[in-house]
Amino acid sequence: MTNKRLNKLFPVGAISLCSALLSFTGISASPLVNGHDKTNQGKPHYTLPSPMTLRDEGTFFIGGQQAHSDFPSTTPTGLNAPGTYVINQMFVHYRIPATISKKLPIIMVHGSNHTGNTYETTPDGREGWATYFVRHGYPVYVVDQAGRGRSSFNPTSVNQAIVLQNLAALPPAGFQLYPREGAWVNFLFGPAYGQPWPDERFPLQAMDQYQSQLVPNTEVTLEGGTDNTTNDLAMLLDKIGPAIIIVHSQSGTLGLGAVVQRPNLVKGLISVEGGCTPVTDADIKQAYSKVPFLSFWGDHSVGAVGANGDARRQGCQATVASFKQAGGNAQFVLLPDLGIKGNSHMMMMDNNNLELADILETWIVRNVERDKHFPCNCGPHHVSACW
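Using the numbering used here, the first residue of the sequence shown is number 18, and each one after it goes up by one.
In short, the hints are calculated from the structure, not lab data.
We put the beta carbon where it would ideally sit given N, CA and C, even for glycine.
Hints may be right or wrong, so weigh each one.
Stated by the list, open to error - Below, computed lysine-lysine pairings styled on DSSO-like, alpha-carbon distance capped at 27 Å:
| hint | residue 1 | residue 2 |
| --- | --- | --- |
| 1 | K341 | K302 |
| 2 | K256 | K60 |
| 3 | K341 | K120 |
| 4 | K119 | K307 |
| 5 | K119 | K60 |
| 6 | K307 | K358 |
| 7 | K341 | K256 |
| 8 | K120 | K307 |
| 9 | K256 | K307 |
Stated by the list, open to error - Label-pair ranges, simulated between beta-carbon atoms:
| hint | residue 1 | residue 2 | range |
| --- | --- | --- | --- |
| 10 | T294 | P68 | 42 to 50 Å |
| 11 | T92 | G242 | 26 to 34 Å |
| 12 | A185 | G59 | 27 to 35 Å |
| 13 | G154 | Q83 | 37 to 45 Å |
Throw the hints in and build the complete structure from the sequences for me.
Given below as structure tokens:
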């Protein structure tokens with residue numbers, strides 16, 4: 018690929034972009050017992066290539082309100098009598114590197130049916146984006162959306178429906194969770210269950226591990242649903258200061274909402290196959306045109322069945338165009354345009370996940386931190402080309 022082509026995709030400065038072009042290695046044929054690799058059973062496994070030194074690591078909750086519940090249980094008497102919950106809170110896991118070499122922290126937000134584990138160790142035991150960016154000098158904050166995972170949900174409506182035998186009390190959307198067969202297609206592992214794409218990069222040999230991390234979308238039990246996560250992201254920014262946000266899939270619109278609420282604190286937004294619509298002209302003028310934006314897509318989204326296909330991707334292309342027309346710094350990247358093919362919707366877990374992280378870091382430094390002296394940072398991972 019020519020420098021002219023890359024500068025069109027990443028137009029800030031004349032710094033070269035690093036792109037990881039891995040040859041497809043195929044799906045591992047490791048011996049499986051009940052879906053688990055037993056080759057190295059009993060041997061230590063290290064996810065990180067070298068020790069990682071931290072200044073601090075911890076967890077906390079942001080947001081949340083006290084709420085009364087008449088149905089904390091299906092037997093609301095005694096210790097389970099009506100009382101007070103905390104609802105709408107968001108769980109945050111942070112890591113601060115010993116040496117903070119980058120100017121801004123990164124907040125990572127997962128998508129539908131997932132938790133913050135999306136960005137941690139990959140299903141097949143490789144390093145994920147959370148620790149990789151920490152080792153590159155960024156403080157990283159990984160969240161569980163409000164109502165999901167460790168952020169918990171509000172069981173009141175479910176208990177009420179059981180006690181009163183009234184199905185109308187249940188959340189109308191129910192607790193959606195893709196089964197294995199549906200997840201295979203929706204998250205772009207292949208065109209049909211059991212049929213991987215020939216160049217598929219997702220570690221399908223670890224499908225059991227992957228499916229184990231999926232959770233229902235229980236935020237439907239919260240009044241306001243996903244809006245609570247947007248509000249919590251704004252409060253997290255108030256707590257930690259200016260930051261970059263990486264969103265994925267369903268959380269794409271939540272990141273856009275955070276930009277509207279805190280355009281002065283969101284210094285860059287990266288949307289990995291995330292939703293980009295709807296946006297209003299007023300929000301474009303007042304917020305989006307002021308915040309660098311990257312919409313990042315893999316090739317298996319083209320022609321895909323479900324939410325992660327053409328309609329969402331084309332909507333993002335239109336959104337990027339509207340941001341640019343308003344004077345904003347916005348880019349749309351389809352990985353095949355960089356010579357990279359075979360990525361699933363869960364590209365932060367794919368076998369080239371760290372090469373993709375390098376591309377994202379380069380975009381951050383060039384477009385957010387605007388460091389014109391940033392070296393070609395391709396990393397040590399089988400790079401065949403570096404611009």
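27 Å Cα cutoff - pair K341, K302: The given pair, whose Cα atoms are some 11 Å apart, holds under the 27 Å limit.
Cβ separation of A185 and G59, checked against the hinted range 27 to 35 Å: violated (53 Å)
Supplied distance hint 42 to 50 Å, evaluated on CB atoms of T294 and P68: This hint holds: roughly 43 Å between Cβ atoms.
Given pair status - K307, K120, alpha carbons within 27 Å: holds (18 Å)
27 Å limit on alpha-carbon distance, applied to hinted pair K119 and K60: It is violated: about 36 Å lies between the C-alpha atoms, which goes past 27 Å.
Pairwise hint evaluation, K307 against K256, where the allowed Cα distance is 27 Å at most: With Cα atoms ~21 Å apart, K256 and K307 stay inside 27 Å; holds.
Pair hint outcome, K341 versus K256 [Cα-Cα no greater than 27 Å]: Cα-Cα ~30 Å, so violated.
Satisfaction of the hinted span 26 to 34 Å by the C-beta atoms belonging to T92 and G242: holds (28 Å)
27 Å limit on alpha-carbon distance, applied to hinted pair K341 and K120: Judged against 27 Å, a Cα distance of about 25 Å means the pair holds.
Holds or violated: K307 to K358, with C-alpha atoms at most 27 Å apart: violated (32 Å)
C-beta pair G154, Q83: status relative to the range 37 to 45 Å that was hinted: holds (39 Å)
Given hint K307 paired with K119 - CA-CA distance at most 27 Å: holds (21 Å)
In the structure shown, a violation is registered for the earlier hints numbered 2, 5, 6, 7, 12, in ascending order.
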